[in-house]
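J.: Residue numbers (the numbering used here), protein chains in the order written: chain A, 1 to 174; chain B, 1 to 693.
Keep in mind that the hints are not guaranteed to be accurate.
As the list claims (entries may be wrong) - With a straight-line Cα cutoff of 20 Å, these simulated DMTMM-like cross-link-like pairs (lysine to aspartate or glutamate) come out: (1) A:159 <-> A:74; (2) A:81 <-> B:602; (3) A:81 <-> B:546.
I should point out that these hints are in silico values taken from the structure, not numbers from a laboratory.
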Amino acid sequence: MAQTTVGTQVFAPRSGGRTKFLIGGLLIIGAVIFLAATSLNSLGQYFYTVDEIMAKGEALIGKNLRASGAVIGDSITYDPKTLIISFIVANVSNDNADVEAAGGLAKVLHLAVTDPNATRLRVIYIGAKPDLLKDEAQAIVTGKLGADGVFYADELLLKCPTRYEEAPPVQAGN
Amino acid sequence: MVANLGFFALLLALGCALYAAVMAPLGAYRHRPAWLASAHQAALLTWPLVTLASLLLITLLVTNQFQVEYVYLVTSRAMPTYLKVTALWGGQAGSLLFWSWLMATFTGAALLRKWDRDRALMPVAIVVMMVTLGFFIGLVVFFENPFARLWTLPATATQDASTIISFLQPAGALALIPPDGNGLNPLLRHPGMIIHPPMLYTGFVSFVVPYAFAMAALVTRRTDDEWIRTTRRWTLVGWLFLSLGLILGGRWAYDVLGWGGYWGWDPVENAAFMPWLTATAFLHSVMIQEKRGMLKKWNMVLIILTYSLVIFGTFLTRSGVLSSVHAFAQSAIGPAFFIFIGLTFVASLLLLFRAWDHLGSDHHLDSLLSRESAFLLNNLLFMCIAATVFWGTVFPMLSELITNQTITVGPPWYNRVIGPQFAALVLLMGIAPMVAWRQASARQLGRLLWWPFAAALLVVVGLVIAGMRSWGALLGFGITAFVTLTTLLEFVRGTLARMKTTGENPLTALITLIARNRRRYGGYTIHLAVIIMTIGIIGSHFFQVETQGQLKPGEQLSLGRYVITYDGLAEFLTPDDRQVARATVSVYRDGVYVGQLHPRRDFYLASGEPMTIPGVRSTIEDDVYVLLVSWEPVAASGASFKIYVNPLINWIWSGGFLFILGTLIAAWPDASELRRRVTTTVAAAPGRAFSGD
Numbered sequence: 001m002a003q004t005t006v007g008t009q010v011f012a013p014r015s016g017g018r019t020k021f022l023i024g025g026l027l028i029i030g031a032v033i034f035l036a037a038t039s040l041n042s043l044g045q046y047f048y049t050v051d052e053i054m055a056k057g058e059a060l061i062g063k064n065l066r067a068s069g070a071v072i073g074d075s076i077t078y079d080p081k082t083l084i085i086s087f088i089v090a091n092v093s094n095d096n097a098d099v100e101a102a103g104g105l106a107k108v109l110h111l112a113v114t115d116p117n118a119t120r121l122r123v124i125y126i127g128a129k130p131d132l133l134k135d136e137a138q139a140i141v142t143g144k145l146g147a148d149g150v151f152y153a154d155e156l157l158l159k160c161p162t163r164y165e166e167a168p169p170v171q172a173g174n
Numbered sequence: 001m002v003a004n005l006g007f008f009a010l011l012l013a014l015g016c017a018l019y020a021a022v023m024a025p026l027g028a029y030r031h032r033p034a035w036l037a038s039a040h041q042a043a044l045l046t047w048p049l050v051t052l053a054s055l056l057l058i059t060l061l062v063t064n065q066f067q068v069e070y071v072y073l074v075t076s077r078a079m080p081t082y083l084k085v086t087a088l089w090g091g092q093a094g095s096l097l098f099w100s101w102l103m104a105t106f107t108g109a110a111l112l113r114k115w116d117r118d119r120a121l122m123p124v125a126i127v128v129m130m131v132t133l134g135f136f137i138g139l140v141v142f143f144e145n146p147f148a149r150l151w152t153l154p155a156t157a158t159q160d161a162s163t164i165i166s167f168l169q170p171a172g173a174l175a176l177i178p179p180d181g182n183g184l185n186p187l188l189r190h191p192g193m194i195i196h197p198p199m200l201y202t203g204f205v206s207f208v209v210p211y212a213f214a215m216a217a218l219v220t221r222r223t224d225d226e227w228i229r230t231t232r233r234w235t236l237v238g239w240l241f242l243s244l245g246l247i248l249g250g251r252w253a254y255d256v257l258g259w260g261g262y263w264g265w266d267p268v269e270n271a272a273f274m275p276w277l278t279a280t281a282f283l284h285s286v287m288i289q290e291k292r293g294m295l296k297k298w299n300m301v302l303i304i305l306t307y308s309l310v311i312f313g314t315f316l317t318r319s320g321v322l323s324s325v326h327a328f329a330q331s332a333i334g335p336a337f338f339i340f341i342g343l344t345f346v347a348s349l350l351l352l353f354r355a356w357d358h359l360g361s362d363h364h365l366d367s368l369l370s371r372e373s374a375f376l377l378n379n380l381l382f383m384c385i386a387a388t389v390f391w392g393t394v395f396p397m398l399s400e401l402i403t404n405q406t407i408t409v410g411p412p413w414y415n416r417v418i419g420p421q422f423a424a425l426v427l428l429m430g431i432a433p434m435v436a437w438r439q440a441s442a443r444q445l446g447r448l449l450w451w452p453f454a455a456a457l458l459v460v461v462g463l464v465i466a467g468m469r470s471w472g473a474l475l476g477f478g479i480t481a482f483v484t485l486t487t488l489l490e491f492v493r494g495t496l497a498r499m500k501t502t503g504e505n506p507l508t509a510l511i512t513l514i515a516r517n518r519r520r521y522g523g524y525t526i527h528l529a530v531i532i533m534t535i536g537i538i539g540s541h542f543f544q545v546e547t548q549g550q551l552k553p554g555e556q557l558s559l560g561r562y563v564i565t566y567d568g569l570a571e572f573l574t575p576d577d578r579q580v581a582r583a584t585v586s587v588y589r590d591g592v593y594v595g596q597l598h599p600r601r602d603f604y605l606a607s608g609e610p611m612t613i614p615g616v617r618s619t620i621e622d623d624v625y626v627l628l629v630s631w632e633p634v635a636a637s638g639a640s641f642k643i644y645v646n647p648l649i650n651w652i653w654s655g656g657f658l659f660i661l662g663t664l665i666a667a668w669p670d671a672s673e674l675r676r677r678v679t680t681t682v683a684a685a686p687g688r689a690f691s692g693d
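This is chain A alone, in the form it adopts within the complex (with noise of 0.2 Å):
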C-alpha cells in the first residue's frame, strides 16, 4: 500500500502515544459506565411482593415496580369501549423456594385467594382482555404505584399453573 511510505514520518513518541489510547479507552469505558449506571436510575424496576408495596405506600409513588399477586377473580372488570380493565390481586410470595415448600405455585395461589386476611392490591390496565386473567392465576405487574394506591400496570404478565405440575403420572390401565 501506498501509505506505508508515511511511516518514517514520527506522528507521536512512542511512550506518549500509549498514554493516549489509555486515556481515549477510559473515556469510553467512563461513559458506558456513567450511561449504565444513569439508565439504571431512570428505567430500572424495582421487585416487590403486594405486602411490600403496601407496608412501604408513598414512598414507592412514581417509582417503576414489578409485582406479582394472585388474580381474584370476582373483582375482575372489563370494559370493551375503554379496554379499562380493573382486577385486585392477592399477595403471594415471590421466593421460589417458599412457594415450593407450600406446597407449589397453583396451592399457593388458591390459597392467597381464599384468605381474607392477605393483602390486597387494586390494579388498573388498559388492553384486550387477555383470556388467561382469571381467577387464581398469577399475575406479573410492571408500572406505578399512583397516589390513590392503585397499580396503574404498563405490562401484563400472566402465568396459570399448568397441568405439569398438578398431576403425578397416574398407572396405565391394567
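Let chain A serve as the given structure and place chain B on it in line with the hints.
T.: What follows is chain B alone, placed relative to chain A:
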C-alpha cells in the same frame, strides 16, 4: 433394557473421557507416544458411545416408553414421530445429552483432523476437550439422567403411596407406566424452535476447539500464531452457527411468542449473545496478530472469555438460576456448573500469566489514526457491549443476593445503553476498512470519505423533508447510509483495480476479486449484511405502531395505512388434541383489499397450555401482525385483536441470509491455502523425525 444400555454407554463414555484426560498429559510428560496414542483412541471412542446413548434415548422417545421419566415429560402419543425425535432437546436432561453428543462430535472431528498436523499441541488439547466433555457427561450421569424411570411405592400403614424417580428399582417399588405423556411444550413445536437449539449448541460447543488449542499453545509455549491458524475455520464455523442460532431464535420469538417483537433482552437470549460478542471481537483482533504480531495476550483473553461465556450461557439456561437465585441453590447442577466455570476460568488465567513473557508484541502501536487503533476500538466497543449485557443479566441476581431487593432492567435500559455503542460500532465498521495500517493520514482518509459523508447527509435531509422527526432514527439512517457507501466503495475500488490490470469485464472482475480474497470480501459481505439488518432494527424499533380493540363481526380497526375488518371466527378440535380458535380478518392497505389473515389461538388439551399464533402479512416494506387476544364463545359478541405494524422488519431476516453467505465465503478454503498446507505438512514431516521429541 434400552434405558440400561443407554446409561451404560454414557458411563463408558465418561470413563473414556477421564482416561484420555489423564493419559494424554502423562504420555507427553513421560515421553510415551503409545500412551498418548491410547488417550487419543479413548477420546475418539467417546463419540460412538454418546451417539449410541442418544440413539437409544431417541428410541425410547419414539416408542412411547413413558416409564422413563424424560419420555413422560416431553412426549405424548399424539405427537408425530419427527417431534418425538426433536424432543431429545425439548427438556433439561435430553438437552444436556444432546449437548454432550455435539461436543463429542466436534472434539472427535478436531482430534481426527489435527492428530498428524499439530501433534505438539495434542496432549493439552485432549485434556481440555475431554475435561469439558467429561463434565457434561458427568452432569447427565449424576444429576440429570434422561434414563431415570418412574416407580411407585405402594401405600403402607404409615405412609401414602408415593412416586419415585430413580434409575434403579428402589426396594419394594413397582414400575409406574403412565398411559400417556405430557407432550412437548407447545412453544417448542415450531420449526424455528426445532432447529434453533441445535444451531446454538453447535455454535457453543465448536468454541471449545479453539479454546483447547489456545490452552495447548500456552502450556507448550508455542505462542506463535499456529493455534490461531489451525483453529481459524473452527472459530468461523462456530461463529456461523451461533449467529444462525441467534437469528433463528429471533424469528421464533417473532412467530410464536406473540408480542410483536423479535428480541427482548431476555436472559436466555443474552446468554447466547454474550459469547457471540466476544467471539466477534476475537475474529477481528486475530487479524492484527496475524498481520502485525500484536495483541497476543489480548487474543488469549478473548478466547478464554468466549469459552467461559459459552459455559456460563449453558449454565444460565440450564440451572434454573434465572427464575431466582434461591431456585438455583436447590438445583444440583447449578453449583456444579458454578464450580466448573470458576475452576476453568482461574486455571486459564494462571496459564496465561505463566506464559505472559512469551506473548510479547512484535510491533508497537504507532498512531491513533491507524488500522490497528481501529481494531482496538472495535474490540473495546464489543467488550463494552458484552459487559453491558452481562451486567444487565446478572444485576437482578446480584441485587437479590446482596440487598434482598430484586431490581430488574428491561429492554428500555438495554436499548438506551447499548444503542449508542452499537451506532458507534456500525460507524466504525464503515471507516475502519479505509484506514491504512501503522499510520494513516487524515487528509487521505478525508479524501476517501467526504463524498459518502455528503451523500449520507443528503439522505438525512431527504428523510427530514419526507417528514421523519425522530432524531435517533435520522442519526441511525444517516450512519447506515454512510457505511453502505463506504463498504460498497471497497468492492468498487477492488473491482476497478482488477479491471485495469487484467482487462476483465466488471462482473468477472468482481467475482474473481471475491474468490481470490475470500476472507477480506467475505468479511465485507458480512458488513453489508449487518447494515441491512441494522436498517431493519432501526425501522422496527423507532416506527413500530400498535393498537388493539374489541370487534364485532363486520367492524373494523385501523392502524397507519392499514384497516382490518373482522369477518368471523371458527372453533374446532384437531386430531392431535388441540382446541383451535381461528379468526378471519380482511386487510386493506390505503383502502385496497390485500388479503385475509388468520390469527389463531391453539389450546393444547394434554398440557393445558395455550399458544397464540399471529396472522402476518409480510412485505419488504412492513409487516402487519395481527393477534387474536380473546373472544367470546358466542361469536356475535365479538373478539379482541391486537395489531402491530412493524416497518422494515423483513430486512433483518434478509440480512441474515447475506450474513450466512458472507461467513461461508470467508470460511471456504482457498486453493492457494490448500497448496500451502500440503507443502507445510511435507516440510514438517522430516523435521519431526530429527527434532527428537
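J.: If a hint holds in the structure, say so; if it doesn't, say that too.
T.: Hint check results:
| no. | hint | verdict |
| --- | --- | --- |
| 1 | A:159 <-> A:74 | holds (18 Å) |
| 2 | A:81 <-> B:602 | violated (26 Å) |
| 3 | A:81 <-> B:546 | holds (17 Å) |
Checked against the numbered hints given earlier, the structure breaks only hint 2 and satisfies all the rest.
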